[in-house]
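A.B. asks: Sequence:
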Amino acid sequence: MHILKWEIKAQFKTLLIWSVVFIVLIFMMTSEFSAYYDNPEMSDVLEAMPEGMLKAFSMENANLTTTTGYISLVALYFYIMVGVYAVLLGNGIIAKEERDKTAEFLLTLPVSRRKLLFIKWLAALINTILLSLVIFAATTAAMQPYDLDQAFFKFLTQITVSCFIIMLIFLSIGYLMASVLKRYKSSGKLSAVLVFFLYLANDIMALSDKLEFMKYLTPFKYFEAQKILKEGSLDTTYLIISGGIVIVSMITAFIIYPKRDIKI
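For the sequence shown, the numbering used here assigns the number 511 to the initial residue and increments by one for each residue that follows.
Don't take each hint at face value.
Said to hold, decoys possible - Only pairs whose alpha carbons sit at most 25 Å apart, straight line, appear in this in silico PhoX-like list of lysine-lysine:
hint : residue 1 : residue 2
1    : Lys606    : Lys692
2    : Lys692    : Lys769
3    : Lys737    : Lys725
4    : Lys664    : Lys737
5    : Lys692    : Lys740
6    : Lys606    : Lys664
7    : Lys731    : Lys625
8    : Lys725    : Lys740
9    : Lys515    : Lys606
10   : Lys519    : Lys625
11   : Lys664    : Lys740
12   : Lys769    : Lys606
13   : Lys664    : Lys515
14   : Lys606    : Lys519
15   : Lys699    : Lys519
16   : Lys625    : Lys606
17   : Lys699    : Lys731
18   : Lys523    : Lys699
19   : Lys606    : Lys523
20   : Lys606    : Lys699
21   : Lys737    : Lys625
Just so you know, the hints here were simulated from the structure itself, not pulled from any lab data.
Generate coordinates for the entire structure from the input sequences, incorporating the hints supplied.
C.D. replies: Structural data, given as structure tokens:
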């Protein structure tokens, strides 16, 4: 319990910074919504834009004049940000012991490496839950000037859950990379690059139907806001794939990390 409290406390400043960034960004994004809300002229502007550009920004079916339509547009930006946060969190919560030269102290505690990994995972999980709640609360507060109905809150809940699952995916990937790679600096950089590479792959796929087969390779494709809005639910297949990625990554990390030489 003491280790869990220590890990949560150690990550609190980072969580606070990211929460503030999210709150500011959400209010900035929604402040622009006043120009779109119930404005049919904006729909005409979108219809005049090239189809390729609309697909690249996931705007091909977006109705920016409604609250749910606008949230479906900005959801991708939420996904990217939570992906970066989570992969750095997963990587950093493991690598920081070597970076901060505290590994020797932790290894002297009467706790196995696997148990220590689990405690760190639990602390990271709590952080992702808290950030998800911040996203939901900030978006709700920012959209208060507009008519918010049951459909809006259902959709926002689905987007928040999507953000949480994406965080779990990238958290586990960052966790795995920090457990496998011996150089903590390299694992951190590679983790961040991976997020942007997968985002880029998501954009490239949107430009050509021939690349549809690659949709299983990027988590950003699993929770397309437009699709969720249209179908009213998350895709079961992608939920299973997401769970598989998390489980396989964590099991692999739990197998490799206890055997790895740690620099002290």
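A.B. asks: Work down the list of hints and note, for each, if the structure agrees.
C.D. replies: The hints, checked one at a time:
A hinted pair counts as satisfied when its Cα atoms are at most 25 Å apart, and Lys606 with Lys692 qualifies at roughly 12 Å. A threshold of 25 Å between alpha carbons decides the hint, and for Lys692 with Lys769 the separation of about 12 Å falls inside it, so the pair holds. Between Lys737 and Lys725 the alpha-carbon distance is near 14 Å, which keeps this suggested pair within the 25 Å criterion. This hinted pair checks out: Lys664 and Lys737 have alpha carbons roughly 14 Å apart, not beyond 25 Å.
Our distance criterion of 25 Å between C-alpha atoms is broken by Lys692 and Lys740, whose separation comes to about 45 Å. Straight-line distance between C-alpha atoms of Lys606 and Lys664 comes to about 38 Å, which puts the hinted pair past the 25 Å bound. Between Lys731 and Lys625 the alpha-carbon distance is near 33 Å, which puts this suggested pair outside the 25 Å criterion. Distance restraint check for Lys725 and Lys740: the Cα-Cα separation of roughly 19 Å lies within the 25 Å cut-off, and the hinted pair is therefore satisfied.
Only pairs whose Cα atoms come within 25 Å are accepted, and Lys515 paired with Lys606 is accepted, the gap being roughly 16 Å. For the hint pairing Lys519 with Lys625, the CA-to-CA distance comes to about 19 Å; that is within 25 Å, so the pair holds. For the hint pairing Lys664 with Lys740, the CA-to-CA distance comes to about 12 Å; that is within 25 Å, so the pair holds. Taking the CA atoms of Lys769 and Lys606, the gap is near 18 Å; set against the 25 Å cutoff, the hint holds.
Between Lys664 and Lys515 the CA atoms are separated by roughly 33 Å; this puts the pair beyond 25 Å, and the hint is violated. A distance of roughly 14 Å separates the Cα atoms of Lys606 and Lys519; the hinted pair therefore holds under the 25 Å criterion. For the given pair, Lys699 sits about 24 Å from Lys519 by alpha-carbon distance, which is consistent with the 25 Å threshold. For the given pair, Lys625 sits about 17 Å from Lys606 by alpha-carbon distance, which is consistent with the 25 Å threshold.
Using a Cα cut-off of 25 Å, the hinted pair Lys699 and Lys731 holds, with the two alpha carbons roughly 23 Å apart. A hinted pair counts as satisfied when its Cα atoms are at most 25 Å apart, and Lys523 with Lys699 qualifies at roughly 21 Å. Only pairs whose Cα atoms come within 25 Å are accepted, and Lys606 paired with Lys523 is accepted, the gap being roughly 14 Å. As the CA atoms of Lys606 and Lys699 are separated by approximately 14 Å, the hinted pair is consistent with the 25 Å bound.
Between Lys737 and Lys625 the CA atoms are separated by roughly 39 Å; this puts the pair beyond 25 Å, and the hint is violated.
This entry does not satisfy hints 5, 6, 7, 13 and 21, going by the numbered hints stated previously.
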